[in-house]
Each structure stands twice: as C-alpha cells, then as structure tokens.
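Engineer: Just so you know, the sequences run in chain order P and W.
Taken in order, the first sequence gives residues 1 to 286; the numbers are from this note's numbering.
Taken in order, the second sequence gives residues 1 to 346; the numbers are from this note's numbering.
Don't read these hints as lab results, they were simulated from the structure.
C-beta atoms are modelled at their ideal positions from N, C-alpha and C, and glycine is treated no differently.
There could be a bad hint or two in this list.
To be verified - Output of the computed footprint for chain W on chain P, the stretches with three or more beta carbons under 8 angstroms from beta carbons of chain W:
id : segment
1  : 33-39
2  : 50-64
3  : 83-90
4  : 125-132
5  : 217-229
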Amino acid sequence: MKKFTILFVFSILSFSLYSYQWPTSKDFLLSFFGTPKNNCLSDGIEFTSDNQAIYPLADGEIVYYQDELIFGDLDYRGDEGNILVLNHIGEFKSIYRNFTTNNLFNMSDNLKKEEMIGVSGNQNDNFIFSIYDDKRKSYINPQQILPFLQDERKPIIDSVYLDYEDSLHKLSYNLSVPAGASTIYVNTWDVVKINNNFKKFTPFSINVFVDGLELYTSSFSSLVEIDNKIFVSGASDTPVDTIISGGELLYGGNIFLTKGNSIIEIVVKDIDGNEASKSYSVLVNK
Amino acid sequence: MPDKKIIILSILIVVLFFLLFPLKFSSNLSFRAKKAIKLTGNLKNISNDKIPFIYKNKAGFFSIEMDEAWVMKINDGVVLLNNGFINYSRSSGQLDFINFNGELEYSIINNGYPFSIEDRLFIISRDRKSLSEYVNGDQIWTRTFNYIITDIDANKQSVILGFMNGYFEVLTRSGDSFYVYEPGGSRLSIIYGCNISDDGKYLAIISGLSPQRFSLYELKNYEYKPVFAMNLEKEFRKTVKMKIPSDNKIVLIEGDEGFYVVDFDSKSSKFIKSDYKLINARYMKGHDVYMVHTGAVNFNNVRILARDFKTLLSKDFFGDDVQVSTGDDSVFIVIDDSALRLDLTE
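Bound-form chain W, shown alone:
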C-alpha cells in the first residue's frame, strides 16, 4: 500500500513539474515562397499596404500582396515616407517632396542630408553638427551642437543622438533636451552607436575605446538609469550597428564574426556566431520570433531566432546590397530587381 502511495505521489509530482515548467518544443519552421514581383513600373499610388525599398541605385515601393510595384532611379539620395518621397540631387540644395500621385507637395531649401526614421523627416547639416525635423515642409525644430553627431536613432516620440565628445542626448518630440549622459569608463570617450526602443523604455549605447562598452539604460521615474553593461571583445572605430526589434525585448549588436543579443528582462547577453555582419533584425509578431539578416559582399543569411535565441531556421543566399524586411508572418527580400515574399510556416 505505501508503494502505491509513493507511485501516485511520484506521478503527481511529475505532472505538477510539467504543468509548472512546460517543455518548449522548437517550432519546425520553414519558408514557403509565396510570390515574387519584378520591381518595375512608374510612380503609382499603391492601394494595399506597401513596403519601401532601396536597392543599389533604385528605390520605390511594392505591395505586401506582391501585385503592385513602382521604382525610380535615385539621384543622389532618397527619403521614403508613408505619404511620399524626396529624391534629391546634392547640387541643388532643394528638397522636393512628391506625393504618390506625382504632385509636388512642398520644397525645403536646405543643403544638408535628409533621412527618415519612423516616418519622421530629419535633415542633418553637412558639417554633421545640426539636426532639424520637418513636418509638411515646415521646420518644427532645429538644434545645433558643438560636437559632431556620430549616430542617430528615433522612435515616434524621441530622438537619440551620439556625439564625438562621448555624450549621448535624448531629445523630446519638440527637440528639447530630455536626458544627457556620458557613459565614460574608457580611455577615449566617443559614442559609437545609440538606439532607442520603440516604446522609449530602453536606450542601447556603444561607447569608448579601451575598453569599448555596451550599456543598457532603462527609463525609471522619468529618468534613464544604467541597468546593464559589458565590454565588447572586438573594438570598432566606426559607428556600430545595433537593432532593437519592435517588441522592445532585445537589442542585437554588430560584432566580429557574429553578433551579440542582449535580453532586456534578464539583463544578460549571448554571442551568436555568424559568417557575416549584422544588417537588419525585425520582430515577427505572427510567430513570436526574430528575423536576423546578416551579409557580406554578395553573401547573405536570413535566420529566424526563437525568443531563447535558438536558431530555428537559417538560409544562405547570394546577392549584393540585398534588402530584407518583414511583415507579421512574412519575409520580403529585394534582390536583383525583384521582390520575393517568403511566408513563415510551421
């Protein structure tokens, strides 16, 4: 009788264990080629959801259904916004915003470099010390700094700037200073990379030489506090690429022969080996996974990472200047004047 009790108790403990700590089986994911579209055609107003692309000396949009596309040749540079674009020549000093009906909506006289992040239009001055934001052709703020800007990132509400003097600064929606900090702790102070999460809760910073450090800052009581730091093994003397996917849970950092992943919740990091350099990383909501695009000249890899950073899927392919973006369940690859949609399926 006591044996029976022990057996039942053991079974109960085992059942309880699996209830409390369920085993996670890796998804058996695969890419299914859905559709491809040749990137040709003149400017048109694409009716469905669209994806912007810049490929070599061309730019344009294609629909996520892959049934419509248009392409233009880039003059000297291009800015792609949700409601139009600027295809500018460096010699003119005039930036013409054209809507998708081909109409000139406004012109901005500014000889700086225009670019967009999160559908916000910014212009950085030629000496790299001033930044302005424009809405509907009007300058809504401008800031001039005494130091060269080394990196810029933004979300819908804030802008983060890294400077050559070792400071980084977070600006509000109206360009006012919200937070300024110098990470320090290195022989030389320079900001080599700065990113802000979409929700504004986290800042990822690469700073200094000897050692070069990554620091994570978390917004607590209206102030950013450092919550995690690590020294990087390979030091870069240029701007370091970082990506915070839209779920605001991790940051991926360019490394030598791979990339780091830092988890915001556990405040821990992992180095993932890769033959190529980090280019892009996106969160794919439909499968709760991350798409990571790495590449070198003519070589590319797209891998799908689980939340625990296990590689669920990895595909190598050839192609130079390839652009990889994502939807909730799909990966879009722009290559050789075509766009390819791959659906992620189990």
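The shape of chain P in the complex, shown without the other chains:
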C-alpha cells in the first residue's frame, strides 16, 4: 500500500512537472527571470531571436493578442511588439512577447500545446516568455514549473563587497571593516551549459549569514506590485530598486557588524538546486 501511495504521488508530481513544455528551444536561452533590465527586472525568460518555433506552455484559452502595435500615431506591424496571452487551468496565464505570428489566433479561442504560435523574430527584439499568477497577482519564475534544465554546474561567486562610508570594499581574508551598518553586494552568476557553450545567467537565490545567523535571504520566485512599488517576492519581499542598486552586483542585504571577528558566509543557488558558498573572516574595528 505504501509503495502504491509513493508511486501515485510520484506520478502526479511527474505529470505536473512535465505537462508543461518549454515554449521554444532551450538552446537559445538568453536570460532568466530576475535579470536587471531597464531599471527593473525581467519578468520572464528571454531567448535570442533566431526563427525558432514557439509553442504554448500548455493547452490554453487565448485571452489577449496583439499583432500590431498601435498607440497614437504608432503603427508598427513588424514582428516586434506582438503579444499573446493564454489562460490556463489553475488561474495563471502564460505570456508570449515578440514573435512572428501567422494569424492563427484570429480563428480560434483556444490553443493546444502542439499548435505552433509562431516563430521568434530575427529582428531586434528577443522573444520573452512569462507566467502570470492571477491569484497572487504576480509574475512567477517560469522555471519553477518548466522541466528542469538538467544543469549540474554550481553558480560562481566571484567576489563579495561591503558598502560602507559611501564606497564599495572588496572582501578579503581578515579585512578590517568598521563596526556598524553596511550593505553586501555579490558578484555572482549561474553557469549553464547550452549547446556545448557555457553561458552566464542570474542565479535563483542568495542567502547571507553573519556568524552563523541568516541575515538576508532572497529568491527570484516572483515579481509583485504592492502600492505602486514592485517587489521581488520569494523567501522575503525586497523592492526591485534595492535589488538593482548594485548595478551588475547582486544585492545581499543590510548587515550590522559588531566589534571583534566575524564570519560572513554567502550561499548562492541556481534553480536546479546547485549551490555555491563562500566565507570571509573579517576583523571588525570600532
């Protein structure tokens, strides 16, 4: 009986995980959810435009499409700007942006997962795939429901910086730092092997420990708007402005150091669960 229950749960999990398909070839992945973009963070996965076929995530109802970009005197009928929104069982939507369409949506209200939506353009805009959760009114990281990338490489933590006295200081072994508040920024990235090439991506989560105590944790699970402000919502809610405050460096939270020796540990994970960590012992002066 126990074996049967385990088998049943496993098959349900497998079905839910693999009933969704990547909308286009993973070989053309360009950036992940949460990548800084235009003073905000990408709400989906981006693919390089290379005339690749695009399919729905799953069967869905067409609830919005636009194959022309017309606002005011803007009358752009190219590949760019095209949008398709599908509504799926489970109160979520999949969103497809920037692709060449074949007018398929004019004839039907529903799309099957095997029906091609169009192809990624070969112009200036990359194909973007996003998932919007109607219940939580937020964009969720599509890789949380898509089949795994089967990536086995750990993220890279290149360097860690402390921001105090209005400048960034690279952490090194036994560095002397002043006591008090400072902000951590991390130069880190995920590495994924795609088409026999290694590409850099935004990692999925970061945890910061000081003397064994977890002081900051954040994961790129979803983007939610609260009172006209957009937050990265995951292990905790952090405003996007804060997340991108370090430019290309990933925000690692505010910490408070007291006099003596402290150990700062950074743990970075990718969406497949591969983990990298780095520890620094610092000398905190008064």
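Got chain P; can you put chain W on it based on the hints?
Structural biologist: Okay, now just chain W, sitting in the frame of chain P:
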C-alpha cells in the same frame, strides 16, 4: 363663436408646439471635391496649416490649402509632431528629432517604441511595461508597471493606460497616478480598450471576457464615477478600437459588422451597421456633424453622422491603408500617393 375660439386655440397650440419642439430637417449634404495634391517632394517648412499623414511606408505633411506637401520613406517607424518628426530605425536605439528645416534638434537614446498623441511624445518600452514622456528631448517622467500595457490614450493634460491585470490608470501631466480602477464583473479581467475625452471629463473603457463590457466614467468632484455600462455582443480578444470625437459628446466603439455609438448626455447607446471596421471618427465643427471612416482590406466608407446618429451621407471607395482626417468643413483622404480634399457643402 365658440368654434372660432376653438380654431384659434388649436392654431395657437400647434404654433406653440412647433416653437417648443422645432422639427429638425436633415441637412442635404454633399461632398464637393475641392482640390488634390500629389504627395511628393522633399522636406520643407509648410507655411500654412498642415495635416500629417502616414500612408503605407511613407509619411509627411500637406497643407490644408493643398498647395504644398512633402513626403519621406518610413524607416521602421515614424512620429509626427507639430514642429518636427522622428523617423527611426529599430536597430539603432537612437531617436533623432528633426525639425522642418531638416536640422537635428535632439537625440534620445531609448530602444523603446516612440509615438505621439495630442502632440505629446511618449516612448513605451519593448517589454510594454514602462512609459515615458519627453519634451524637447528631455524625459519629464517615466513610470514602470508590473503589468503589460494593453492600450494608451491621452489628451493635453492626462494619460490613460489599460493593463493586462484588468486595471486602468489615469496619470496626470507629470505622470503621477490620479485614478486607478478595476471594472470587474467578468470571468476574466483584462482592459481591452481605454480612451479619455479631450476635456478629461469622460473615460471610455472596454474590459473583461464573459461578458465583455463597455463602461463610461464621468469626472465628478475630482473623481471618476461609472455612469453607464453595457455588455458587448461580440467579444474581442485584442485591443478594441474606440474614438471620442473632439466635441466630447460621444464615443464610437468597434463592433462586429458595425460600431456602437454611446451618447454621453443621454447615457444611451446605438449600434450602427457597417460593412467594415471602425478606423477613425472626427467631429466637424463647421456642420456640427461626425465623420466616421470604416474600412477593410481595399474597401473604405466615409459617412457623415448627424448629432442624432442619422447617416446624412455615405460614400464607399476603394483603397488600402487609406488615411481619412478632417478640418472644420473638409474631409482629407490620403490614397494612392495623393491627398484629396472634399468640402462638405449643403
């Protein structure tokens, strides 16, 4: 004698009735071809009042007197403003504003899509979630939203945005939020169309699926209040075209096999049959009528509607991507590399 009194009284009543409720006779209107101009020529500063046009892969201006014109080939897109234009290439990411003397006035580095409404220059980001306004090359405000923008309209003072999450938002001249609302009442909440009247008093919104609804909002005590709503028979799953002519009295809404007209004063609607889809609608002050342009591939119709929505004049003509605009008394048709001026006469 009493008979005479009755007769006089009856005549008086009849006279009074017609004085109080005068009969409106339909105007006997006709189009009179005034002049045509070939749309050729290089960039020039047109001295008289001018009309912008976008026709297929060309854009430019011609004078309302039809004696001057210039035309340019559109690169990837074009923005036409009262004092110049941007003819941009998508690959460059740079938007050069050129005045009518051909001088570069300023460049904007932005890889979004530029467009103008009411002579205001906006740029929407490529992911369709940010909107900025520029004046003389300077960004005066920018807003980033967490939701895809599905429709935008503006007047001189405000901007209205419709979003994929079912909300619409009115922004002030400086981009601050003035009013946010989710119409609701449907199985799925998405804004399929939003328009604001030139005077800012009315908002016209198309929202939702099952049912898809039109709602009219009126500004009362510095807040918009819903004053009229109706379900639409044909549901669209794309942005629905709406036009509020400049007299701020009605809104025309794209429908299947015709268009709706909603009257702001009486809060009532009428469906007008048409073989083609709604493209444009303008108020013609000189005759107190509306010009409505409908069209399909290679087919067009221009009709003149009275205030009571009776069709006073209707003309079909051939042509693809035709642009129809108006002056107070004239209709301007851009077709086959020419512009034609038709004066409305009684």
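Engineer: List in ascending order the numbers of the hints, as given earlier, that are violated by the structure.
Structural biologist: none
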